[in-house]
Structure formats: C-alpha cells, structure tokens
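A.B. asks: Top line first, the protein sequences correspond to chains B and Z.
Count the first sequence with the working numbering and you get residues 1 to 402, in order.
Count the second sequence with the working numbering and you get residues 1 to 469, in order.
Calculated directly from the structure, the hints in this document are not laboratory data.
Since the structure is predicted, the reported quantities are computational estimates derived from the model, not experimental observations.
Heads up, none of these hints are tricks.
FRET-style restraints, in silico, Cβ to Cβ:
#1 Z/K374 <-> B/E65: 43 to 51 Å
#2 Z/D81 <-> B/T157: 53 to 61 Å
#3 Z/G76 <-> B/S396: 51 to 59 Å
#4 Z/T242 <-> B/E65: 52 to 60 Å
#5 Z/P368 <-> B/E347: 22 to 30 Å
Glycine included, C-beta positions come from ideal geometry on N, C-alpha and C.
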Amino acid sequence: MAKQSSMKENMKHTEQTSARDTSVLWTKAELEQALEAARKTAKPAPYVEDWRKTNPDLFPWDRFEDKPESDLREVTLHDPDSLVLFDWGEYADTMRDMLAIAGDDYDAKFLHYHRAKSENPVCVVGKKNSTPRPVEILQKTGGGRVGYDTTLIIVETGAELTVLDRWEAPDQETALVGRTEILLKGGARLNFMQEDQAHASGSVYRRARVRMERDAVLNWTFMTPGAAWHAARLEIFLSGTNTDAHVYGLFAGAGKCRADHRTHQYHSAPNAQSKLTFKTLLAGEAHSVYQGMITVPQQAQKTDAYQQCRNLMLDPNTHADAIPMLEIIADDVKCSHGASIGSLNAEQMFYLRSRGLNYREALTAVAAGFAEEIIQHVPLEAVQESWRELVSKTISKASGTV
Amino acid sequence: MPESKEFNLDLDNYERYGFHDKETSLIKLPKGLSKKVVEEISAFKNEPDWMLKLRLKGLEYFYRKELANWGPDLSGIDWNDIHYYIKPSDRVANDWDAVPKEIRETYDKLGIPEAEKKFLAGVGAQYESEVVYHSLQEQWTKQGVIFLDTDTGLKEYPDLYKEYFGKLIPAGDNKLAALNTAVWSGGSFIYVPKGVHVTIPLQAYFRINAENSGQFERTLIIADEGSTIHYVEGCTAPVYSTDSLHSAVVEIYCKKGAKVRYTTIQNWSKNVYNLVTKRAIAEENATMEWVDCNLGSKVTMKYPSVYLVGRGARADTLSVAYSGSGMHTEAGAKVIHQAPDTTSVIISKSISRGGGRTSYRGLVEVAPNADNCKSTVSCDALLLDDHSRSDTYPYMNIKNDRVELGHEATVSKIGDEQIFYLMSRGISEAEAMTMIVRGFIEPVVKELPMEYALEMNRLIQLQMEGSVG
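Throw the hints in and build the complete structure from the sequences for me.
C.D. replies: Right, here's the structure in full:
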C-alpha cells in the first residue's frame, strides 16, 4: 500500500477507493466481528437521555447493509516532506489504538458499522522541522449511499501542522458516519479546520476526538451547514500539563434542518487551558441542540476552562436547545460557561437603520458579524471566504420578519 | 470563634437538633408498602372515597414507574424498610399546652413557640406523619385566610380540594410524587382570599423523629387574585444510623396578580433522603418566588418549578446549597414560559467541602407562543477543598425567537487576592474566609426573614470552622 509520492511540490493525491476487500489495520476476523457487533448492537432509543432531543430513528439505519461502492478521496499536500500518507507502517499500532471503540451505547452501533465498512483511513503525520504548510483532505461520497470517512492526524513532538478536512456529498439523501482521531504529542501544534457538507436532505454522524499531551496546542475550527439530520460528538482530552485548546464552531442552518452538537472538554492534567465557543445561526425551521461538558477531576488543578454557546434565531419557527454542563472536583480552577439564546439585538438593528441601512441590510450585517466571531479564528483565508459564503446563504434564507 | 479546629457542623447539629425523643406514637404501621397500608392510612383519616381512589392510583404509578436514570445515587433506599405512617398524637392542637408533652418538649428545644410569638402570623408543626399543632393569628382569620393542616383542610374544604389537589402534580408525575400521592399525610393548606396581603410569614416545621420512617407531607397553597403570602418551612431530623426518607409534594396556585413566596430552610440530618416535588403555576401578572436553602440531608433532589401561564407572570428562584462530607445536594429550578411577556430569574449559589458534591440541574423552556420572554440564570459555585465536587447541568429548550435568554456559571475557589486583602486589614484568615463565603451567599440570605438570616449566617460560620489549614 506504499503510495507515498516523491513529488516535492504541491502534490495532489487523488484516490478512487475500492469496495473494501483488504485492510491493513484490521484482520478479516476483526472486520467480521465488527460487522456482527454492529448488527447485534441495538440502535439508540429515542427516549434515552442522550438522544432525547434528536430522534435517532431519523438516521437511515437500513442503508448500513447496502453494498459498499467506491468513494473519492483527494488529499492535497503542500509539504510532502513532513507527511506520511496512506502509508502507516510504523503508525499502525497507534492508529489501532486511536480507532478503538469505547463501550458506550451512545454511538456503539455507528462505530461498529464504521469499522466494518470504512476504507483504510487517511492518515496525516506531522513531523518535526517541517514548514507548517496546510494539508487539504477532501472526501466525497456519491449519491444516496453511506460514506465512512476516517481522518487520523498524528503530530509528532514539537511539530506543527495545519489541516483542512472536508467531507462533501452534494447528492440527495447521502449519509455519513465519520471519525476523526487526533493525537498531539508533546509540544505539538495543530490548526485544524473541519467541515461536513451534506445535502439538505442528508444525514451525518461525526465522532471526533483529540488527545493532547504535554504542552500541545490546538486551534480547532469547524463549520456545520444545515443537513436534515446532523449529530456530532467532539471530545478534547487535555491529558498533558500545560496544554492549550481553542475550539470555535459554527452551525448555520436554514429550512428544515437539525444539528445536535455535543462537546466534552476533559481536563486530566494540571495547568491546562481550554476555551470553546459554539455559535448557531438559525433560520427557517432550523433546530439546534447543544450539549457541552467540562470535566475537571481532582488532579487537574490550575485548570482554566471556558465554554460558551450563543444562539441567534432569525425566524419564529427556529428552535434552540442548550445544555452547557460542568463537573468540577479540583478546587484551584477557573471554570465558567455561558449560554444565550435570542433574536436580533434591537439596539444594534436600530443603530444600523438610523445610519441608513434598510432592514434587510441591517439584519445581514448583524448576523454576519455574529458569525464572524467564529470565522476570524480560521487560519486560512480561502476557508474563511467559503464559510462566509455558507453563512450568507443561510442569512439570505431568513425571512427577516422577526 | 470556638476553639475547635475541626469542622463541626455535625456536632452542632447533633446538639441542637440531633436529639431524639422516646417514641410514644399512637399508631405505627409496620414497615413496607402495600395496598393495605394505603387503605389503612386512608381509613385512619376517615377520607372521602375519591381520595382513597387517588391514593391507590398513586400506588399503581409508583409500582409502574422507574426512578430517574440521571442524578444522585438513590440505590441506598430500601422501599420495604420504611414506616410509611406514624401517628404521634390523636388530634391537631391549636393551643401549645394541648400538644402532647414529649412532642412539645421537642419543639421547645427547637425554639418554635417563641418564634411564633415574635415574628409569625401562624405556625404549623408536623411530627412524623401528622401535624400536631396549627395556629393562625386572629387578625388573619378574620380576613378569611385559611391556614390548616392538609387533613383538616380536606375535611373542611372538600370543594377546593377536588378542584386543586393533585392537578398541578398529578399522581403519575414521577415515581416519588406517585409515592407521596399514595401515602401522603400532613402538610399545610393555605388559602388567601382576593386582595388580602398577609404581611408576616406563615411557618411550618417538619420533624422526623422515628428511625426508618418516611415523611410524606403534602402542601397546597392557593393565593387568590391580588393577594400576597409568604410561607416558610424548616426541616430537621435526629441522627440515626439508618436512613429516613422525606418525599413531599407542594402545589402552589398564584392567581392573577398574586404574589407567593415559599422559603425553605432544609437542615435534615445526614441520613435523610430528601426527594421533593414542588411546582407552582403563575397566572397573569402573578409572581412566584422560591427561596430554597439546602444545608442538610444525605441526598437532596429538588427542582422547584414554575409554569408561567399568564401574560406578564414572573418567577424568581433563589437557591443556596451546601454539601459537606458524604452529602450530594442536587438543587435546581425549572421555569416553563407558556405565555408572552413572562420573566424569570434563577440565582443559584453552592458551596462544597469535605468531599461533598453539589449539583445545579435546571430547565428553562420557552413555548412557541411565548413572545418577549426574558430569562436569566446564574450559577456560582465555591469549592473549598480539592476533593469536593461541583456540577452544573442547565437545560435550555427554546422554541421562540423573540426571547432574551442568558445563562452564566462559574466555579472557583476563594481568591487568594481576596484573602490577602482582608488579612492585610488585620482580619484572621479563618474570619476572612467566613466573610467571603457570607458575602457569596448574601444575595439569598438578605431575602430571608431576619431570624432565618441570623440562623443561616450562624450555620455558615460553623461550616467554615477548621477550613483553614
């Protein structure tokens, strides 16, 4: 499977993945076990606490049994020296660890199917002394099927990496079960941008985890454009001292779409900092569910953690659920969270209109400014632009009759 | 300051409230729950048939329902090891001297009759399952205010009971409310007529004395249009080695323009499971205020809620929770905005130490038709050592875009700069800590009647002893 290229500049690697018959990571027996476990595991019930707000029955479970077909994967490398791509020899064990399935029934069925059906993962490794130039990963799933994309990122001690990871499915009713697993070793730095763009009728389940060792720094931005059913679970494990994580997320949805984001900042070492801001821009009949958790056990003294969820409702039939939670045992900590839900700020609107903007223009300015607080943290200008476009698409669909 | 360096709230509580009297009850039903127990309770009370039917319905729901799969650990409750009904006296006295001697001595130790003389419009005292004393000052009786124990209330005002009892918290609301519906006994019944302002508080004391017993009081408050009322309840129990259960149901109706404040000072001993369902409904321009201080118990689960169903209604919840060693206090609040222009404020303060755990669990919900609602939730937690725990679980469910809703929460320890500043002014470290904690809960304490504010400050001071080091 050694597909590493010797090209030195802006290498673009495109791969039409084949229907899966071999795997480097898992033995045939393990794959069969996974499939059996997937079939045996009950799908989450809509009345359990975790899924009470987002009906799991609306995900197209029956399509997990469809015959797999090929998907398209493109990875653009701007800096091939620092990376191992599709060639994980020495990393295989680390990757198996990263893709382990935890025994919780919240999403076990998704994860078993993912292991049984997914292609070999895209794995990006950042090595020391590399110039930190961006890597772009684009995975596409074709019409009406379920995609199983996997992105693994390992940043070696002291290395720095910038990754843009996108999944796209422009066709109707295409679904995704995606996994993102990130390991930041001592002092590693990662800029990570993520976007799952399904069709408005599509369904997405994304599980993303970051494990941070001593002194690691993370800047993670993500964008969720509206899909019919979108659930994402993002976990940040601050396992080393002095780690620093910044997470900025945005959900911009119009029409009949729903997104359920849950985030977990898990501090298990002292002196770490984590700041998370999640914003939603809701138009039409968009429904956002947000559940955030900060956990600070006893050993994680001197933690500085923050989590906020801001919801801007642009239409009367939008719906926002926010559940920001804290579980704190260490006492020498600064932990706080905030949540707000509301419509356009009347004073801001009045000010803009008194300067001659019409209602529509004022609404656009206020809503775009609201989203800008997330977008400004995106390190690549091209990505900023494309996210602004997604935001303005949502704003243009708001009736503005609030 | 006393010289004891150890945290000695337990000791103090034991001395003041932890005594237990020789049991001299008239009737004590055997442990365990059955249809027969429910029927017997109803028969003792000579109840109308519909109440027995409601009790049996409650029992059915109790068997059928599961306990919540979230929140504190309730696995220590053995439903079959509890006395569901203990009758200590054969009638409700309204003259203090007529209360049986043993019970009177208990309440004398707690200082209740003096409190009545000085500050209160009326007092009720419940011992085990039954109310033993109830009285209301004449000036309020004359204006038509009713303050009775629930059993007498049911006998004298059956129509009001048929209309209001179990309507806000139906028999099948949750497992514990179902249990209360099945075996309820005692509690207060208050009716305030239109436009009457009861200017000094009414008060009830609840005490569990027997071991392995359950107290299931049931309180119903109806504040008619434009009236105001302030109700205060205090709870204590002796320290036994086995656990007791307190599972009350409180229903409050705030009619148009009425204002009700319900204050709780809960200081159960550390072997009481305190699992309470409290709910109020506020009509047009009515105000419901919960002032909720939870200082004791082994496990508390309490989420006083308000349904704002009339335009301009308002809900205020002020809550203080303290958890020491071996305690888990989960105190929260719920507000359901179902009408336009409604407002709610929730302020929660919690203090954890000695390995205790406090949690805030709250809900703010806004219905699609409830335009121009405002809601603010703020939760502050203090952790006084490195093995105590604080959790915040606020739920917000908003189906209307014309709202202003905010939630803020902080968790911290006492700031070194604050201590340093006070010490530089000549105050000892221990005093400085106590002052800061008092300042921390001040927004709630200042809302309490004076005697209770003093009591709260005293309790906090006791809790802070030995905290330096």
